[in-house]
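Here is what each chain is made of, one letter per residue.
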Amino acid sequence: MPGRLYGNNTSTDLTAAQVVANANWGSAATVAITSGSNDQRGTIAVTASTTTPGANPTVVVTFSTAWESTPFVVVCKANVVTALPFAVTAVSTTSFTVTFIGTPVDTNVNSFSYFVVG
Amino acid sequence: MPGRIDCLGSGPDLEATDVACSAGWGQVGHATTVTVTAGSNDQRGTIQVESLGRDPQEQLHLTTMAAADSCDITYNAHESTLAITSPAGGIGDITAAQVKATLLTISDFTGLDADITVTKVSSGVFTIDFSGTLGHTALASVLTVTSVTGTAAGHFETPLVLGATIAADPTVTVTFKRPWGTIPTVIVSGHGTVANSTLWAVTAASKTAFTVTLDLAAPVVAAHYVFDYFVIG
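Chain order of the listed sequences is D and L.
Its first residue numbered 233, the first sequence is counted upward by one per residue in the numbering used here.
Its first residue numbered 313, the second sequence is counted upward by one per residue in the numbering used here.
Just so you know, these hints were derived from the structure itself, not from any lab.
Predicted, not measured: the structure shown is a model, and the values here were computed from it.
Some hints could be false.
[Said to hold, decoys possible] Using 20 Å as the maximum straight-line C-alpha spacing, the simulated SDA-like pairs for lysine to any residue come out as follows:
hint, chain 1, residue 1, chain 2, residue 2
1, L, Lys432, L, Asp481
2, L, Lys519, D, Ser324
3, L, Lys519, D, Ser267
[Claimed, not checked] A few chain D positions that, by computed beta-carbon distances, are all more than 12 Å from chain L:
hint, residue
4, Asn241
5, Thr262
6, Val323
Think of the CB as a built atom: it goes at the ideal place given N, C-alpha and C, for glycine as much as any other residue.
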């Protein structure tokens, strides 16, 4: 019986510096990276700031190691604080961008999981 | 060229018993219908859940009633104040309107004229459908025939649907056939309709199971909600 797919140890884990939430999350937004998240898969949560979140905020994830060709990325929500979805809006060999479709509510935690296939 | 990722046979197939639905799907008195697409396994697959939320329905059987015999109906320990009285023609002449009028004198049903429908099925047999205020909810108890006078006799019997309540954000928990060595990442997406595509979220994952939540305040009654999932350890 074939083994199941594992994505752990396929790269180093993401660090905070590799996950950047833009200003539309609010000026004091915070990012939490689930332990073990890496270039292959993981979960990221952004807590919207109490100070003026804007529309369609983004999260840019920079890979630890560049892919040989532009990979494919899928995302889905990882909590249900809002019915608003996430979408992958840009992908390159070095990073991908996820956009929250809508305007986040102050202090809400909005999480998504991602999976990357080269 | 390397081969493509093929998850065929990457573990035994999931079975419906590996999928547990929260009460929010409307399980009162019924099992929520879960359909696991053939070939679904620990790695990927498709699962369909049918929301229930059926309107309550009970059926009254009056089995023996001579002219002028009567009986009350009791619901939730509250007895009707207007008895069903058999007219001169006997049990066969009892109308749906008589039964409904009696039901509406039960305190729980006061003012719910529009939400209770009584249909005469045959002589002495009446189907009672609850909707509106009483729709998509679980009735607190079963109607009973009480305070019989004369030869009156009756009971409520199948079809008996006590209804079911659909709650916001119902969940589906999938138990893996084999535990993962690490907490996996799970990705889901809606399947089948555009409206469903953004409604699912993975709200918990462990080495042994993951939980998917339908992010919807009011799931549609008797609808099929489908998601695809992909798991990577």
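Evaluated hints:
| no. | hint | in the structure |
| --- | --- | --- |
| 1 | L:Lys432 - L:Asp481 | violated (38 Å) |
| 2 | L:Lys519 - D:Ser324 | violated (31 Å) |
| 3 | L:Lys519 - D:Ser267 | holds (14 Å) |
| 4 | Asn241 | violated (9 Å) |
| 5 | Thr262 | holds (20 Å) |
| 6 | Val323 | holds (15 Å) |
Hints 1, 2 and 4 from the earlier list are contradicted by this structure; the remaining hints agree with it.
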